Amino acid sequence: MSERIGVYICHCGTNIAGIVDVADVSKWAGEKLADKDVVVARDYKFMCSSLGQELIQKDIKEQKLTRVVVAACSPHLHEKTFRNACKGADLNPYLCELVSIREQDSWVHTDKAAATLKAKAIVSGGVARVMHHEALEPLRVPIHPATLVVGGGIAGIQAALEIADAGFHVYLVEREPSIGGHMAQFDKTFPTLDCSACILTPKMVDVGNHPNITLLTWSEVMKVDGFVGNFAVTIKKKPRYIKIEDCTGCGICWEKCPKKVVDNVFEAGMGNRKAVYVPFPQAVPKYPVIDDVNCTYYLKGTCKACEKFCPTNAIDFNQKPEEITVEVGNIILATGYDLFDARRIPQYGYGKLANVFTSLEFERLCNAAGPTGGNIVMRDGKTPPKTVGIVHCVGSRDKNYNGYCSAICCMQSLKFAHLVRERTGAEVYNFYIDIRTPSKGYEEFYQRLLEEGTRFVRGKVAEITSMARIPEEEGKLIIQVEDTLIGKQRRIPVDMVVLSAGMQARQDSKEVAKLFGISCSADNWYIERHPKLDPVATMTEGIYIAGCVQGPKDIPASVSQGAAAAARVLGKIQQKEISLEPVRASINQEQCSGCRICNNLCPFNAILFHEDTMVSEVNLALCQGCGTCVAGCPAGAISGTGFSNEQILSQIDGLLMLNLSRTAVPVES
Amino acid sequence: MKQYAYYPGCSLESLGKSYNDSALAVAKALDVELKEIEDWNCCGATAYFPVDELLAYTLTARNLAKAEKTGLDFVAPCSACYKNAYFTNSYLQKDADLADHINYALEADKLHVSGTAKVRHLIDVFINDVGLEEIKAKVTNPLSGLHIAPYYGCQILRPRKDHEDVENPTYFEALLAAIGAEPIDYASKARCCGGSLIITNRRAALDMVRILLLDAINHNADVIATTCPMCNVNLEVYQDQVNREFGTHYSIPVMYFTQLMGLAMGIIPGHLGVGKQQLGTGSMLAFAQNAKQETNQ
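Residue numbers (my numbering), protein chains in the order written: chain R, 4 to 672; chain X, 84 to 380.
Since the hints were made in silico from the structure, they are not lab data.
Please read these numbers as outputs of a predicted model, since none were measured by experiment.
Don't take each hint at face value.
Calculated pairs, DSSO-like style, for lysine-lysine (alpha carbon to alpha carbon, straight line, at most 27 Å) [claimed, not checked]: (1) X/Lys85 - R/Lys402; (2) R/Lys191 - R/Lys246; (3) R/Lys263 - R/Lys226; (4) R/Lys402 - R/Lys513; (5) X/Lys177 - R/Lys463; (6) R/Lys402 - X/Lys244; (7) R/Lys289 - R/Lys206; (8) R/Lys443 - R/Lys513; (9) R/Lys83 - R/Lys39.
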């Protein structure tokens, strides 16, 4: 049966037409590919516009097209658009092939003649391939209405509350004993200087009390099975050694506990906690955790002071880790960030010079609930500094560490400068490369700081040393910096240095990404579906990201993303059912040798092995159509719909123009 | 026996003779053969590159070409020679045009360079090829209790080569610990000594030397160990002028790391050029001998 193929070449304004002679390509396709069943070839300014789509639909009806090839941008962008256009004209959407002559041609070439020839080759490949497309029907699966939110920082809290308030169930998993995340550690928030805890804790309490939220703190996700709409998630609840049904959170246990431990998590090493503890007074939930690494009972076998004094007998030293499995339809990852380790820059002296602080340490120092009660003092715990140097971009915007801008350090440094001046009257120097204050009210805050008399030195700090060269430097920390505005090297002696350390991806972000089947950027931030138009979805259906897990951002942006991810999830839940791409792998049982290579290759655990017949089979609901097994099968027994060997090989033939007589195209141009 | 194409460089013929003597003596004791490159020439030092870059590269490339012929690694004890050879070598690997120009000139000498030789500093050979364990095994008079300031200087580190840690390297400390000494930790260990700045801006250069001496002395160093004849001269010979200029009273011995290794390995001090320094190293000799007696007892 002969097919009737329509070929449509998009100008994309000048994006494509600026380099590729689109009229020539369309004329060529109409003439030279006519014997390949192409009955119509057109070019149009914007194929994706409604007029462009109508053009295709009109041809499908009037010319009775059976297949369509659109040569435009990447399928990532508009494959759906053109498939839907075909569907609108009653042509099965999977009989449409989108080939890229923008990302793979016009954007990467400057030679117009060669780019035009390449466009012809790409169109020829598309035509050869579309011949082998099959009409497919999407799979429809129901969506479980519950949602898993991983990470109880502000982004995760916001997402959980939005979904729970809309009436759907949320499981909120947090690794630490309390939710709150980094925001709970901060003192003030820029640029309004609201108390961070004051605006955060009401939300934390809401989460704790919400009937639609199951809060799982001190817990970690171990395994994710299933697919969008029907995930089965295994969560490990680490033992708290506290019977929460009996615990009232009275606090007698941590009062009586004799073991002090340096708190490297919440207090950033600036303060102590007990071996049985809640990280901070407003913790949600209120139940403490016994730290079995440091607890005297676990070290020496005796003590049990907490057990003796607990008025409700809520201590249980025999608790074991517990694994639970929950079913959810969608997952939001909001696992946040790690602070850049300032020790990696030895010339800044952190870890060696006592009065060099990191930004997180300084937050605890400023915090009224922190180890010094909010007094800004030096490491001796009592002397207020007379001069403070704040170094921006520590570990950020530096190709030796992280190339990217951490986005929050400028404003955070300005906030520190303000707090130091307000509370100690000390002289403050800010050392910056550029001041970046792009959000609402931020620039105004910077202007305010300038007026307050904070000193700004533009230049990257070379070194912070205690080595005095002149008597005035004795006993001080000397900041060596090139002041690029005056073009001079300066040595500025200060009492205290704050390193505005940048943000970096969680150290286990790669493993977590693998667990959830999403991908990381080179810097290990999670990759969004589209950097502008789909910032909270990922390439894996049903998995969303929010907050700093996607890249450095401040509190307002994290909250926005948390809410956005929730809105996306709510939209999915409301649909009740989701249609899945029918692009799936299938195994030819006759050809399968039962070697089981594909079983281990499949990242989605979608391949089952039948012990009785000794062959493997693909579970179509789990398969994501990634193609790994297709490539891996030594017997060539696996084929992917939409990516069959026939399709791929004929596309290659088309690209090489083997489907045309070789003389049809002048090779030398 | 490990063999290397040894490029001593001009300084080691005169001012840095004790470096050459000690390097060869220690190498021999460690079963390393430093085969001097035949008919080598000056590397261009710091002076020639700003005058005529291409000719300066060619100058260095001639030595590299000779080393390449032997198939051995090119080893320089001087940090400046090492830096020049390292970058000439890597540029001519990457820049075919530069390589063509250089090879056109080298044709006159019937030489050809392709950048295949590996360029190394002597300290790298001792630490990474011989190994700290092997060195430790050869130590007969461990320099126990001697506080040595490991002075890397800048050219051995900068410009950044490969993926080296240029901010806080620690290999020199490890070497000093291997010969039983106590390396001190001080911030200035990788700071520039001023190089040849003394010729153009005497006071500024002396101030750079002053800072290094001050930092080492503040950290109770008994001796400063160097890896480069230029650093050695600046730190040692100009102490007198620093004292006059800034009213200080510094008098700290400065020795090549090879001399200290030699002493620890029981090589006769005279063979290491010890005693040829301007500033007395007598105390150092006594130290090594005492240490020897102690170990004998």
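Okay, the hints, checked on the actual structure:
1. Annotation: proposed proximity of X/Lys85 to R/Lys402 is violated, straight-line Cα distance about 38 Å (limit 27 Å).
2. Proposed proximity of R/Lys191 and R/Lys246 is contradicted: the alpha carbons are some 35 Å apart, above 27 Å.
3. Simply put, R/Lys263 and R/Lys226 have alpha-carbon atoms about 35 Å apart, too far for the 27 Å limit, and the pair is violated.
4. This hinted pair checks out: R/Lys402 and R/Lys513 have alpha carbons roughly 21 Å apart, not beyond 27 Å.
5. With a CA separation close to 31 Å, the supplied pair X/Lys177 and R/Lys463 exceeds the 27 Å bound.
6. Annotation: proposed proximity of R/Lys402 to X/Lys244 holds, straight-line Cα distance about 15 Å (limit 27 Å).
7. At roughly 14 Å between alpha-carbon atoms, R/Lys289 and R/Lys206 fall within 27 Å of each other, so this suggested pair holds.
8. The hinted pair formed by R/Lys443 and R/Lys513 fails the criterion: a straight-line CA distance of about 33 Å is larger than 27 Å.
9. In summary, the hint linking R/Lys83 to R/Lys39 is supported, as the alpha carbons are separated by about 25 Å, within the 27 Å threshold.
Going down the numbered hints, you'll see the structure goes against 1, 2, 3, 5, 8, while the others check out.
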